[in-house]
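K.L.:
Here is how the chains run, residue by residue.
2 protein chains.
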Amino acid sequence: MGQEFIKTLLQRNFPMNSIRLLAAEHGTGKKIIIRHEEVEVKEATPDSFDGVDIAFLTMGSEMSKYLVPFVLRAGGLAIDNSAAFRLEADVPLVVPEVNVQDIKRHKGIISTPNCITIQLATALYPLHRVNPITRITVATYQSVSGNGSAAIEELTTQAKQVLEGQTTFPHLYPHQIAFNVLPEIDVFLDDGYTKEEWKIVKETRKVMHADNLAISATCVRVPVFTGHSAAVQVEFTHPMLVDDAERLLAQAPGVKILDDSTISLYPHPWAVTGSDEVFIGRLRRDISHPNGLALWLVVDNLRKGAALNAVQVAEETIKRGWLRPGR
Amino acid sequence: MGQEFIKTLLQRNFPMNSIRLLAAEHGTGKKIIIRHEEVEVKEATPDSFDGVDIAFLTMGSEMSKYLVPFVLRAGGLAIDNSAAFRLEADVPLVVPEVNVQDIKRHKGIISTPNCITIQLATALYPLHRVNPITRITVATYQSVSGNGSAAIEELTTQAKQVLEGQTTFPHLYPHQIAFNVLPEIDVFLDDGYTKEEWKIVKETRKVMHADNLAISATCVRVPVFTGHSAAVQVEFTHPMLVDDAERLLAQAPGVKILDDSTISLYPHPWAVTGSDEVFIGRLRRDISHPNGLALWLVVDNLRKGAALNAVQVAEETIKRGWLRPGR
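Residue numbers (this note's numbering), protein chains in the order written: chain A, 1 to 327; chain B, 1001 to 1327.
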């Protein structure tokens, strides 16, 4: 994930005088070439952020909770990719295509949503604006790369073992992930939902400013390296014609429609890895609801699903002169 | 699939004086040991069915359309696993746990539904009986084995190629299936749905005798060898408590609940392959609808999803004395 951030910053020519790479103790020491200069990954400590304007955090909730206060103390802006602050009232949760104005009221922390929320909000907000959405149901097909390199290794190792007729041993995931699907992402809560499923509910409401939006999700891990897909059904206040939805989405920022059934054209993870957009396909009437629409979304979970969205937040913050906390 | 039928017939001690194995021209010649006797696979011809009481057909719609008239001419009962006759008014479409009484009115043909319909109907009918279902939305995670041995080979070959860094070439599927997911099963229709998705709508209505049931589906192929999963959301006429649903399903035939989030217990394809039941997990309130329930289903698509259901239909037909056509 850290590498995806570096790649994104460089590809987009992000304005930087200097860059520091920080990791938890076990990730330090590595040297990475950035613009012909060798930069060593150092340990993140309370003193790491002196003189930093923007800190991108993508080390998980615990590390964000620990480090963000030091970013604030040093007068920097923390753009946090973890769930640590996403639902706090005075922390904007931002998908630039949807609620860029929320950045303005930041107090030093801006959070970015989980990857499924990013793709739902980016794809659905252009429709919600003209015909308010009342309910979303979603089933996900989430790749392993969101869990880091250990997860990619686990899928790779297990896949080889299965193909060679060997026994597999789950480590990171509770059961075999190779040639299997697991309806468990993040921890289970008492109501039978997982934390990941509740994140989608609460974060999508916050990003879209739609407190009463009904949402339910089933989050499923699939044996795919990169690219999160989602089968989505949406209910609107009024009927939504497929043609109208297509027209609105064709003009919307950050999305791309790939939808021609006559040539089996629709987004799938293998094809969209490395791309920036939220891809939309299988756009059709939901035949089970008078105001319903069904669609299929795929996003590169490391790019727009994480690094790209955070970098876009930083770009907008700079461009609009909102770097210093608002009141 | 043929082998799954033989295995199921033998395991269940199906009453047989003799068995004939028939295939299209290209599948003939193979010899299979059945109860210590060698049986050769012969070519299916118009004369293949003389003296046959029950013919199980699982060679696809075209072959069923061609061969079933000869089964009828010979006075036999055709139990057809294909889509050829499923929606014809005088052909019962049967999941024994749901609508065994429909067998009685057969005129020589009984159809069995597609595998997703079998698992939906088996799992949901016990709830529908006490609290009529008004709407079902489903997203599927379907394995490749329903497409036969060529599909298993395609997934195996492509997975090896990806792991070795080689380029893959799709044959059976329109895009790479290894480490990927494809929202396309069966052909696309003009309305943007696939035929597979419409089968689920129409067949589930017919099996459950629920002509007005609203259903919509997104069918997705996943890189799994055997076992079809489904994320399902159900709306009832009245609220359905999770405890009540669990109690009803615990007593229902053909289903098994695997649901304990504290130990990551839920069905997943790798674990249920080779089992007879429709497995139910992730049973929870649908937080997006007042009368809603959400659940996760997994079935071995070759067994209850196909061969077992057909053999169960035959067993019930014999047991109830309904072998000869009703009027």
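Errors might be hidden in some of the hints.
According to the in silico footprint, chain A covers these stretches of chain B (three or more CB under 8 Å from chain A) [claimed, not checked]: (1) 1042-1049; (2) 1067-1081; (3) 1106-1117; (4) 1156-1166; (5) 1181-1194; (6) 1204-1217; (7) 1228-1242.
Computed beta-carbon distance windows for the label pairs [what the hints assert, rightly or not]: (8) Ala1250/B <-> Pro174/A: 18 to 26 Å; (9) Lys1042/B <-> Leu265/A: 55 to 63 Å; (10) Gln251/A <-> Gln1101/B: 48 to 56 Å.
Simulated from the structure, these hints should not be mistaken for lab results. As the structure is a computational prediction, the values presented were derived from the model and not from experiment. Note that the Cβ used here is the ideal one computed from N, Cα and C, for glycine as well.
K.L.:
Now, for every hint given, state plainly whether the structure supports it.
P.N.:
Results of checking the hints against the structure:
Interface restraint, the segment 1042-1049 of chain B with chain A: violated (0 residues with C-beta to C-beta distance below 8 Å; minimum three). For the segment 1067-1081 of chain B, the stated coverage by chain A is not satisfied: 0 residues place a CB nearer than 8 Å to a CB of that chain, which falls below the threshold of 3. Look at the segment 1106-1117 of chain B against chain A: 0 of its residues bring a Cβ nearer than 8 Å to a Cβ of that chain, fewer than three, so the hint is violated. With 4 residues carrying a beta carbon less than 8 Å from a beta carbon of chain A, the segment 1156-1166 of chain B meets the three-residue requirement, and the given coverage holds.
As drawn, the segment 1181-1194 of chain B meets chain A at 8 residues by the rule of a beta-carbon pair under 8 Å; at three or more, the given contact holds. For the segment 1204-1217 of chain B, the stated coverage by chain A holds: 3 residues have a C-beta nearer than 8 Å to a C-beta of that chain, and at least 3 were required. With 4 residues having a Cβ less than 8 Å from any Cβ of chain A, the segment 1228-1242 of chain B passes the three-residue criterion, so the hint holds. For the pair Ala1250/B and Pro174/A, the beta carbons lie near 24 Å from each other, so the given range of 18 to 26 Å is met.
Lys1042/B and Leu265/A have their C-beta atoms about 43 Å apart, which leaves the hinted 55 to 63 Å range violated. In this structure the hint that Gln251/A and Gln1101/B lie 48 to 56 Å apart at CB holds, the actual value being about 55 Å.
Of the numbered hints listed earlier, those contradicted by the structure are 1, 2, 3, 9.
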